[in-house]
Amino acid sequence: MTTIHFIYMKRAIVIVSFLLGSVSLMSQTYSSDFEKRIISSFEKDSLNYDFFSSLFAIDSLSTVSIIKEYKNYIDLYISSFPTKKVKERKEKKRVFKIYKGIHDKFLVKYDTSTTFPDIFINGNYNCVTASALYAYVFDQLDIPYKVKESPSHVYLIAYPETLNIHVETTVPGEFGLFSISEKKIIEVVNELISYKLTTKSEVDQKGYLKFYEDYYFGKDFIPKSSLIGMGYYNLGVLQYKDNELSLSKNNLMKSKLFYSSHLADDIIKDITLNQLDKLQFNSDKDIVFLTQTLSDSLYTKDLSPSNIKYFLSKITDKSNQYIKESIPYFLEINHKETRELSLKYLYAYLARKEASYENSKEAIFFSDKLLELDPDSKIAKEMISYFCFRKANISSFGTKGLKEFEEMCDKYDFIKSHHRYNIALAYFYANISLNKYTSNKISEATSYRKKFENILDNNDLIEEVNKRLVVQLYLNAGNYYYYKEKLKNSYYIYQKGLSYVPRNSELIKKAKWSKEDM
1248 MTTIHFIYMK RAIVIVSFLL GSVSLMSQTY SSDFEKRIIS SFEKDSLNYD
1298 FFSSLFAIDS LSTVSIIKEY KNYIDLYISS FPTKKVKERK EKKRVFKIYK
1348 GIHDKFLVKY DTSTTFPDIF INGNYNCVTA SALYAYVFDQ LDIPYKVKES
1398 PSHVYLIAYP ETLNIHVETT VPGEFGLFSI SEKKIIEVVN ELISYKLTTK
1448 SEVDQKGYLK FYEDYYFGKD FIPKSSLIGM GYYNLGVLQY KDNELSLSKN
1498 NLMKSKLFYS SHLADDIIKD ITLNQLDKLQ FNSDKDIVFL TQTLSDSLYT
1548 KDLSPSNIKY FLSKITDKSN QYIKESIPYF LEINHKETRE LSLKYLYAYL
1598 ARKEASYENS KEAIFFSDKL LELDPDSKIA KEMISYFCFR KANISSFGTK
1648 GLKEFEEMCD KYDFIKSHHR YNIALAYFYA NISLNKYTSN KISEATSYRK
1698 KFENILDNND LIEEVNKRLV VQLYLNAGNY YYYKEKLKNS YYIYQKGLSY
1748 VPRNSELIKK AKWSKEDM
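Numbering-wise (our numbering), the sequence shown opens with residue 1248 and increments by one.
One should not assume that every hint holds.
Said to hold, decoys possible - Computed spacing ranges between beta-carbons, pair by pair:
| id | residue 1 | residue 2 | range |
| --- | --- | --- | --- |
| 1 | K1663 | V1535 | 20 to 26 Å |
| 2 | I1574 | D1707 | 20 to 26 Å |
| 3 | E1572 | D1322 | 56 to 62 Å |
| 4 | T1646 | S1603 | 30 to 36 Å |
Derived by calculation from the structure, the hints in this document are not laboratory data.
Note that the structure is a prediction, hence the values are computed from the model and not measured.
Each residue gets a CB set at the ideal place from its N, CA and C atoms; glycine is no exception.
Could you put the whole structure together from the sequences, leaning on the hints where they help?
Rendered as structure tokens:
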């Protein structure tokens, strides 16, 4: 078999999120300036790049001069091979000769944990590094080839359109290079038809050779640049097994630039989730890590709302100021559902916390933010209603307080459906009316008294209103008319007061006097 090209690594490693050590989700780090230049160059132009030099970027000790020395060494050896042959039979022999020559000269010992530079240092190799070596050699000798990936293995096919020579780098000797005959292909495919694993019409549609290739080796080839990425992938997997998680993630991230592997994503994801669990949120760096992760679709589909709230709860263990300073980072999350979930959680917490300190301005501010995200937020409505009625209660229930109360109720229409809304209005109207009677502003006093009566007559609220206030209001109102000898008016007002407070002796007495004097 082969290198640690762990295509089925997922089965071998039990991934348990939140149990491993932490890593840091920082910008990509490099083992050397040379590696940084190589990767930056490939990012800018993935078609025109130095394949041979790129294979050395994985080694922090690689330099331009060392790579040039190795390249001259192999180029000199390659120049000893015969030139390209016109006849297929002779060209096949040439490929076999090249294959054996390279294997004997450079490949000494199979080693799963090796990297490409090791071929030139000690001869250690695996299927990825050896395939990369043959890819370079074939490029120099004008031998067409394609890179083939199969579960747990990678190899080359030379002359894929004609000779179809399979280059098995990890199986030296007689079976390392083979080209199946057309006769054998027909025999194998006919056997598949006889076992009803396919149909004759499907085979005829593709042709025997194409069907054989698709059935046994799949349809897709991968670019040779994937061999660079596989080197990083293998190294990352080894580091993951050794619990070197920061290094593992760094190399797996580099591998993704050259090579697409869902298993690399799985391991990166696992490391990242474990990192999240280890965050202490003692700095902005931790907030950045969390919000960047929550912005990545790779994680959002695997993090349930309860997972996200768990991380957010660690933030709310910090000071209110820290939480407030973290908000801008959460606003930048590009995944709408996750962004809104996070912000709603934090806004709701801050609204409650500020409310517990009786900081009405701050509590209402965060309640407003919550309502922007969720117009039906029960928490926001409760906070705003609480401070609205609290402000009314500590006011003198004068005209200024009424105006502020009405403005707030107009802004937050839901307050009007609160059971305390009419109670508050009743207190405002009763107190203002009483003050107006006291100030001899009868027209205004009467207007507010009638508003008060409208509230009480249309709502079952009399038990919620202070009886002494009601008695004072109707005694003052009735007395005004009584002493003006407008006895019908005074009698009506005293009686109206008694409809709310029927056993009040003072109102009963005054009503009796008014009636007797009429």
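Hint check results:
Separated by about 43 Å at the C-beta atoms, K1663 and V1535 break the suggested range of 20 to 26 Å. Between I1574 and D1707 the Cβ separation comes to about 44 Å, which falls outside the hinted range of 20 to 26 Å. Remark: the range hint 56 to 62 Å for E1572 to D1322 is upheld by a beta-carbon distance near 58 Å. The beta-carbon spacing between T1646 and S1603, approximately 32 Å, falls within the hinted interval of 30 to 36 Å.
In summary, the numbered hints that this structure violates are 1 and 2.
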